[in-house]
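Using the hints, build the complex out of the two chains.
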Amino acid sequence: MSTPYAKLPRWADYGLIPLINLLVAFAVAGLVVLLVGENPFRAAVILVDGAFGSGPGIAYTLFYATSFIFTGLAVAVAFHGGLFNIGGEGQAYFAGLGVALACLPFDGFLPWYLIFLLAILCSAVFGALWALIPAYLQAKRGSHIVITTIMFNFIASSLMVYMLVDVLKPMGSMAPQTRQFLDGAQLPRLGFLFDYIGMKVRPSVPLNISFLLALLMAFLVWVLIWRTKLGYEIRTMGFSPKAARYAGISETRVIIVTMLISGALAGMMAMNPIMGDQHNVPLDFVAGAGFVGIAVALMGRSHPAGIVPAAILFGMLYQGGAELSFEMPSISRDMIVIIQGLVILFAGALEHMFRPAVQAVFASFSPKSVGVVAAKGEGV
Amino acid sequence: MDFLDVVVNVLNSTVRLSVPLLFACLAGLYSERAGIFDIGLEGKMLAGAFAGAAAASVFGSAWIGLLVAILVSVFLALVHGFASITHRGNQIVSGVAINFIAAGSTIILGQAWFNQGGRTPSLPSDARFNAIVLPGADAVRDVPILGEIYSGLLSGHSLLVYLAFLAVPFTWWVLFRTRFGLRLRAVGENPAAVDTAGISVAWLRYRAVICTGILTGVAGSYMALAQNAGFVKDMTAGRGYIALAALIFAKWKPVPAMFACLLFGFLDAMAIRLQGTPLPVIGRVPVQLMQALPYILTVILLAGFIGKAIPPRAGGVPYVKER
Chain A
98 MSTPYAKLPR WADYGLIPLI NLLVAFAVAG LVVLLVGENP FRAAVILVDG AFGSGPGIAY
158 TLFYATSFIF TGLAVAVAFH GGLFNIGGEG QAYFAGLGVA LACLPFDGFL PWYLIFLLAI
218 LCSAVFGALW ALIPAYLQAK RGSHIVITTI MFNFIASSLM VYMLVDVLKP MGSMAPQTRQ
278 FLDGAQLPRL GFLFDYIGMK VRPSVPLNIS FLLALLMAFL VWVLIWRTKL GYEIRTMGFS
338 PKAARYAGIS ETRVIIVTML ISGALAGMMA MNPIMGDQHN VPLDFVAGAG FVGIAVALMG
398 RSHPAGIVPA AILFGMLYQG GAELSFEMPS ISRDMIVIIQ GLVILFAGAL EHMFRPAVQA
458 VFASFSPKSV GVVAAKGEGV
Chain R
69 MDFLDVVVNV LNSTVRLSVP LLFACLAGLY SERAGIFDIG LEGKMLAGAF AGAAAASVFG
129 SAWIGLLVAI LVSVFLALVH GFASITHRGN QIVSGVAINF IAAGSTIILG QAWFNQGGRT
189 PSLPSDARFN AIVLPGADAV RDVPILGEIY SGLLSGHSLL VYLAFLAVPF TWWVLFRTRF
249 GLRLRAVGEN PAAVDTAGIS VAWLRYRAVI CTGILTGVAG SYMALAQNAG FVKDMTAGRG
309 YIALAALIFA KWKPVPAMFA CLLFGFLDAM AIRLQGTPLP VIGRVPVQLM QALPYILTVI
369 LLAGFIGKAI PPRAGGVPYV KER
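Just so you know, the protein sequences line up as chains A and R, in that order. All you need for my numbering is the position in the first sequence, starting with 1, plus 97. All you need for my numbering is the position in the second sequence, starting with 1, plus 68.
Here chain R stands alone, though its shape is the one from the complex (with noise of 0.2 Å):
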């Protein structure tokens, strides 16, 4: 295999991986940008995942799944926002709450439905979302370097992933050129001065949280309708954090959000790809390392040594009326 081959292998596998972290990660931007700190990305996409994997395998259709997928997720994002606006719950406590409720519900329940051992049954290849060849791609394929990245990297995606990445300028577009968007802001800022503009706090926090669902509900159908064949359980494994982490690591932003979805999914193509093989100078390098690198490259970034993350000033706090 010669070095082209490798690379778009790798950047392919990239784009994949950090498909389910960019949904996730836009997700959370939405949430936290109106000022509610979203730590249940995981769980949201986990259930989506299985609420995904379950209605498809019994419908037999990719679209319900993918509805139903959005449904559940929108109805946690709701448990989120019920406990953050309405009541005034701690974000993080909640948070934390709907992940261990989608862990363990998705499991009894996938158990005591399908009996695989907290699996779904594994989909027909009609009850997914299969690979779309661009146009073309097949007659550039022996084109040199243009040609391969175009059929090998660009092409032969399935309809989420690029979805993924048009939901990027989408969302740049929403919340920066649409009056939604600027209040959305601005509710996360200061919403005491929303508050006197005479619109409604909590309805512009709902709705933010209702985004975040739907788009925890597409990164988990992605997992389980395009990149996997159904749901196995704990298939999020963390990611729901990495989104986070990368929605951080882009200061709340949706182009640099793209590109920290991508850095970490490169990290993880990479880690597959390095499995067992040494590295010229360094030598083998264990696997955890690469497993844990996303993670400690997190940190690095939080402790500021790779420029400052400053989070929406309101986010986390519950807004009161003062009476």
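So that you can see chain A by itself, here it is in the shape it has in the complex (with noise of 0.2 Å):
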């Protein structure tokens, strides 16, 4: 098939294009708030003060934005295989079952990184399965994996409810929760390091050591996507699943691969919450960050370069809409669901909406610029 878009710089493609269409998406999200009537400039100032503005900010910004990065490299993986893992909600809230498997037994007598250990083993082994059977359904028997996902976020859902109410509730207690974590299971906090800085941040806010595992996966992710062998089977699948065919490269194989990467990085989102933060396994601890992890990886273009700081925008959101919901009580935290469904329209479905017109631009200062494509369409 003819590729109907004329090539452009790469700057202009990695940087530019996706920073129209995030534009385009915090100006409409910008219309909302005037819908409502309240001042989007403003808005928006709180917003950003209120993330970045202080040491605490920064802080609760980089701990939203460490389970959004697992989400979306989680998203990214798949995305790079062609796939569409709608699932990373439902494979991190399964995930937390592997985190109480790896915590509850061992948290009197074990040190805390051993347990960190496991739980990275743990949870990611209960995200890869969530994620093993839409894959294995996708490969061997064709059913849609966006489909399948989606059932299984809801199949999740009411599997942790039962767990949480009917069987991990310790005797006596009213909460849908596990008991509370000791010592063991409780991951170090990252906020002494703003000392450094000269920053105060205080020992409660629940920055936590998997921000540091969530930047190693995102390089495992690049290492993995364009270094090794199966990256580039992954990368080929994703481009022509015929060409992949006829490579001799297996399809069922490479699909169940990438799908339990994909859910073991979306399992382990469920540490940081759990372990970083509430010290226990409470109902919906995920709150959407699954489904964050779309936009994220959209707005990165699915490379871990683009992710960390689609997630620190995201984290960003997250705590400086929590701040705005104070000054502005009719902006609650939905909005941030809004921006999250305009970033996805218009960074993921409309991506080449602003392309013709940026073509056209680049065509009039430099022809050469655009390419030979260009010089063949019409009107340049």
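Don't read these hints as lab results, they were simulated from the structure. A portion of the hints provided could be inaccurate.
Straight-line distance between alpha carbons at most 20 Å, and here's what the computed SDA-like set of lysine to any residue pairs gives [stated by the list, open to error]: (1) A:LYS326 to A:GLY179; (2) A:LYS237 to R:LEU369; (3) R:LYS301 to A:SER422; (4) A:LYS237 to R:GLY372; (5) R:LYS389 to A:ARG452; (6) A:LYS266 to R:GLN356; (7) A:LYS237 to R:ILE378; (8) A:LYS266 to R:LEU357.
As structure tokens, then:
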């Protein structure tokens, strides 16, 4: 199939166009703010100030970003393989069981770093398990992964309610959650790092060591996708399943392995709120982070170097959004859901909308920069 | 309560619960048959429900509510069309985006406009679609079996319920007996052929998503104006996805779609009915299992254990004219 769009310089492709898309998304979000009778510019100032204006603000922003890096990477790995994993939410939720399995029996006598390693393993395995069935069904039975992962989100949610209400809840307790973890299962916080740059962060701010794990995973995903044979196979399949088949790549194997990695990454997200903040497994701890991952991956163009800043941006929206809802009560946290939707729309589904215009601008400055294809196109 | 009473009761709630699914499912049918996957049924229903309830409470009329619901939901459908037809974007991504936009904005706008924690004010009965008693329903109530079925099951629903079941043969007729329907199906299977015949692929697909918008609007209105007396946040609660599942279950055909929706409605009705009551042999079934059953069933079905579902061939693929 001929590509209908002309080539642009790389920096425009990976920098300018996503930026335009993002700005449009925020402009539309500003219209919504206007519609509820508030000043969008004042809202933006409060939001940014709440997220970056203070030490604790930054720490909270990074705490939220940690979850989004994990889920964003999960969606991105699947995207590279041409698969759309909407199930990050369910995979992370189910992985909460894995975290409970790693923490509850051992938190009395093992040191935190051993439990941390165990929890990484368990959450990854549980997350991967929850992705396995949709992956298998996609690979072997041809059922659409989007639908099955959505269904698995709902199933995970029912299952976790059952587990927390009927199984894991301690005797005599009313709240549907596990017992409080002991010291061994509480991850060290990173607030002290802010002392070195001269900011004070209370020890209660939940930014924790899983942030570093998230950064490590971002690096490993880059290595996996662009520096390994498996990554090459994944990208080949995402680019053209037919070519992959001709090249002798086993479709079944790549689909299943890709989804297992994706599920494992989503699963690791569970550690951040559970072991870093709540110190128990509560109901609904994922709180939409799995879905935010879709927006993060689209915004970051499925590249770890894009995903980390995109995750921090969404961390900023979460943290700043909390501040914003104090100042402007009519703008609750749900505003973020709208922004998330708009980002997905403009950075994802409408990513090519501004391309012809940008292309025309480039062509008018230097016709050479847009390459040969544009010369054949009409009107250039 | 005797056995027949229970059966009529369960079937009655089956009908009520399957109506929003049925509207949404038929909505999806138009779009997907035209080659546009629509995962945003959920969001359009939700937006329709909110718009319908908001308009009905402001103007005090169910019909204005219905109209506004349809307009809002058609608007979202056109956004989906704009992204996936005009700009050839990823249809699933676009649908997901619409779901989020609807989920967030119904809460934000609802809170800003009505200040009731995301609800709309409770609607008085003349701003809702009320139950219609079919002629003679009261007279035959005492006739054994048939009378009970007529008055307990068939009569006493709102106008939209009857409309939903009329929409099934209507959709069948449109898709399989009109020129528009033939072209719509063709554009979902082989858009290049339709293009060669000199018919605009884009315009046909736009008309299909408009049909989707209208029907999801009605689905939302049913939930907010007939089933309930107003909008509650996140009131669709995944029904858009269940409708999608029903559509796949029905292999993209209108009459099987009705049965699939009735089946999922029946599961829902049973889940409500069986809450906490122990079953013979199995014992107490956890409520959560009953709630998850439609989803589990869909997965099993999608796995091809209950027949193979083959989607329209050009589904999900944006049409590019070769140049």
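Each hint tested on the structure:
no.: 1; hint: A:LYS326 to A:GLY179; result: holds (17 Å)
no.: 2; hint: A:LYS237 to R:LEU369; result: holds (14 Å)
no.: 3; hint: R:LYS301 to A:SER422; result: holds (18 Å)
no.: 4; hint: A:LYS237 to R:GLY372; result: holds (10 Å)
no.: 5; hint: R:LYS389 to A:ARG452; result: holds (18 Å)
no.: 6; hint: A:LYS266 to R:GLN356; result: holds (16 Å)
no.: 7; hint: A:LYS237 to R:ILE378; result: holds (15 Å)
no.: 8; hint: A:LYS266 to R:LEU357; result: holds (18 Å)
In this structure, every one of the numbered hints holds.
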